[in-house]
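Novice: Take a look at the letters that make up each chain.
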Amino acid sequence: MSIEPATDGFVAIDGASFRYGTEPPIVDRVDWAIPRGAFHCLVGRSGSGKTTLLKLAAGLLAPDRGSVRIDGSALTGPGSRIGFVFQQPTLLDWLSVLDNVLLPVSLKRRPAAQDRDEARALLERVGLGAFGERHPGQLSGGQQSRVAVARALITQPDLLLLDEPFAALDALTREELQDDLLALCALHATTVLFVTHDITEAVYLADRVAIMAASRLHHDMPIDLPRPRRREMRYGQPFNALCRALRQAMDEAP
Amino acid sequence: MTARLASAFLLLVLLAAWEAWCRLGGVPALIVPAPSAVFATLWSEIATGRLWPHLRITATEMALGLALGCAVGLGIGILLAEAGFLRRLLHPYIVASQVVPKLALGPLFIVWFGFGMTPTVVITALICFFPLMENTLTGLAQVDPARRELFRMLGASRLQTLLRLKLPSALPVILAGLRVAVVLALVGAVVGEFIGGRAGLGASIIAAQSVMDSSLMFALFIVITLLGMVFYQAALLTERLLLRHHLKG
Chain A
0 MSIEPATDGF VAIDGASFRY GTEPPIVDRV DWAIPRGAFH CLVGRSGSGK TTLLKLAAGL
60 LAPDRGSVRI DGSALTGPGS RIGFVFQQPT LLDWLSVLDN VLLPVSLKRR PAAQDRDEAR
120 ALLERVGLGA FGERHPGQLS GGQQSRVAVA RALITQPDLL LLDEPFAALD ALTREELQDD
180 LLALCALHAT TVLFVTHDIT EAVYLADRVA IMAASRLHHD MPIDLPRPRR REMRYGQPFN
240 ALCRALRQAM DEAP
Chain B
0 MTARLASAFL LLVLLAAWEA WCRLGGVPAL IVPAPSAVFA TLWSEIATGR LWPHLRITAT
60 EMALGLALGC AVGLGIGILL AEAGFLRRLL HPYIVASQVV PKLALGPLFI VWFGFGMTPT
120 VVITALICFF PLMENTLTGL AQVDPARREL FRMLGASRLQ TLLRLKLPSA LPVILAGLRV
180 AVVLALVGAV VGEFIGGRAG LGASIIAAQS VMDSSLMFAL FIVITLLGMV FYQAALLTER
240 LLLRHHLKG
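Order-wise, the sequence lines are chains A and B. Numbering-wise (numbering that gives the first Met the number 0), the first sequence opens with residue 0 and increments by one. Numbering-wise (numbering that gives the first Met the number 0), the second sequence opens with residue 0 and increments by one.
Treat the hints with care, since some could be wrong.
Claimed, not checked - Computed spacing ranges between beta-carbons, pair by pair:
id, chain 1, residue 1, chain 2, residue 2, range
1, B, LEU240, A, PRO34, 51 to 57 angstroms
2, A, GLN86, B, MET0, 41 to 47 angstroms
3, A, TYR19, B, VAL94, 30 to 36 angstroms
4, A, GLY36, B, ARG151, 53 to 59 angstroms
Said to hold, decoys possible - Partial selection, computed: residues in chain B whose CB lies under 7 angstroms from chain A:
id, residue
5, GLN159
6, LEU161
7, LEU166
8, PRO167
9, PRO171
10, ALA175
11, HIS244
12, HIS245
FYI, nobody ran anything at the bench for these hints, they're computed from the structure. In this text, a Cβ means the ideal position worked out from N, Cα and C, and glycines have one as well.
Turn these sequences into a full structure, and let the hints steer you where they fit.
Specialist: Here is the structure:
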C-alpha cells in the first residue's frame, strides 16, 4: 500500500473470492487495481470466472472473502456511478430507443429536457441520431449494442463495466463499435473494465490486459500502443506481436 | 382476400344446402327450421325491438363479469407471483376452486344473490378469473433474467421492477389469457341465464324452448355468436393496440 496514489487504483480488488454454495470458488483470491481513467481488459476462456469477477466489481455480487473498493470506499451494491453493459443488449422492446437510453435516469426521476438532449447527443455519437423514435425490434444487432452502450453512459458513470458486449456481432461491426467505445470513454476519461474472449479486441482496446483462467488471475500485460488507436494498427507488427504474446500467455495458463 | 371471399361463398353454399334439405326433405320445422324461417324470425325480433333489451342485458353481464373476473385475476396473479409464500399457501386452493364446475354453483348463487343479473355476473367473473390469474402468474415468472439483472444494476425498487419491467414483459401472455376469458365469458353469461336469468339471450332461449319455437332459438344462436365475435374482435384490437411496440420489427 506504499505505492503512489495514481497506481493505487480507482478500482481496488483485494483478495476477492466468490463461490456458489459449496462448489469450488468461481473467483479465487483475485487482486487487481485499475487506475482512474484506465481501460483494462480481462480475457479468458468461457467458464474461467470473468463474468463473476465483473459482477463483483459491479456490486451485483458480494465477495465471500476479500473486498472491492471504488474510489477508496467499499462497494455495497450497484449504484449510478457504475455503468454496466451486458452480453446481450437487453433493451426493453416496448420503449423507444430514446426512452431505453433514458431508462437509468427515468428510474430515478422524471427525465428533464436536458436529459433528453443528452440522450440524443449520445445516440448521435454512436451513429443512431435518426433512430431515437424507433423501437429496438426495428434495429440490427449492432445498432442494439450501440443503444446499450449509450444507455450505460447516460448517467456519466465513473466506471464502465462491459461483459463481452460485442461477442455476437460480425467482425466489421465489432471493429466500428470498438472505435465508438474508445471515443466515448475518452470523452469523460471513464475508467473501464472490459471482459472478452477475443484476443485482438483486448489488445486493440486496452491499456492493460489480464488473463483469467480457472478462477484465478494469471498474468497481466501492459499494452503500450499509442492512443488514439487507429484501424491500421491492427495490421502492424507491434500489434500482432502483442496478440501473439497474449495468446502464448493464455496457453501457458492452466 | 380470395380466402375471405371463398369463406363467404362457403357460407352461402351451406345455407342454400340447408334450405334445400329442409324444403325437399320435408324436415319438420320444430326439429330443424329452414334458414329463411330463422332469418324471418330474427328480422321480426329486430324490427319489433324485442331483441334489444335481451341483447343489452347479456352484453352487460358479459362485460361486467369479464371486467370483474379479469381485474381480480390480474390482481391475485400479481400478488401470488410477487409473494412466493402466498403462492405456495393458496395456489392449491385456487386450483381446487376452479375444478369445481362453477355452473353447478348457479343455484346456490340464486339463493345468495336472488334472481337477475347478479348471479350471472358472479358466475361469469368466476370463469374469467382463472385464465387471467394463471397467465399473469406464468407471464410474470418468465421475465428474462438478464433484464432483471439490468434493473438490479440500475437500482430499481421492487415496485419499479414490477411496473416497468415485469408487467410490460408479461403483457403478451396476460392478453392471451384475456382472449380465452372473453370466449368463456359468453358461455358464463348465457348458461348463467339458463339457470337464474329472467331476461337476456340465454333466458330467451329457455323461453323459446318452452313454447317450442325452434326458429327463435336458432335466431338467438346467431345473435349470441355475433355477440361473441364482436367481443373477441374487441379483445384482438385491444391486444394489437397494447402490444403495438412489442410486435415491431
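Novice: Please verify that hint: HIS245(B), Cβ, nearest Cβ of chain A, below 7 angstroms or not.
Specialist: holds (5 angstroms)
Novice: Is the hint on LEU161(B) kept, meaning its closest Cβ partner in chain A is under 7 angstroms away?
Specialist: This interface hint is violated because 13 angstroms lies over the 7 angstroms limit.
Novice: If I claimed the Cβ atoms of TYR19(A) and VAL94(B) lie 30 to 36 angstroms apart, would that claim hold in this structure?
Specialist: holds (33 angstroms)
Novice: Against chain A, is HIS244(B) within 7 angstroms by beta-carbon distance?
Specialist: holds (5 angstroms)
Novice: Does the beta carbon distance between GLN86(A) and MET0(B) stay inside 41 to 47 angstroms, or does it fall outside?
Specialist: Given about 45 angstroms between the Cβ atoms, the range holds.
Novice: CB of LEU240(B) to CB of PRO34(A), is that within 51 to 57 angstroms?
Specialist: Holds, at about 53 angstroms.
Novice: Hint validation: PRO171(B) versus chain A, beta carbon distance must be below 7 angstroms. Holds or violated?
Specialist: With a closest approach of 10 angstroms, the PRO171(B) hint is violated.
Novice: Under the criterion of a CB-CB separation shorter than 7 angstroms, is LEU166(B) in contact with chain A as hinted?
Specialist: With Cβ-Cβ at 10 angstroms, over 7 angstroms, it is violated.
Novice: Return the status of the interface hint for GLN159(B): holds when the least beta-carbon distance to chain A is below 7 angstroms, violated otherwise.
Specialist: holds (6 angstroms)
Novice: Min Cβ distance, PRO167(B) to chain A: is it shorter than 7 angstroms?
Specialist: Holds. Min distance 5 angstroms.
Novice: Is the interface hint for ALA175(B) satisfied, with its Cβ closer than 7 angstroms to some Cβ of chain A?
Specialist: violated (16 angstroms)
Novice: Does the Cβ pair GLY36(A), ARG151(B) satisfy 53 to 59 angstroms?
Specialist: This hint is violated: roughly 27 angstroms between Cβ atoms.
The structure fails to meet hints 4, 6, 7, 9 and 10 from the earlier list, while all remaining hints are met.
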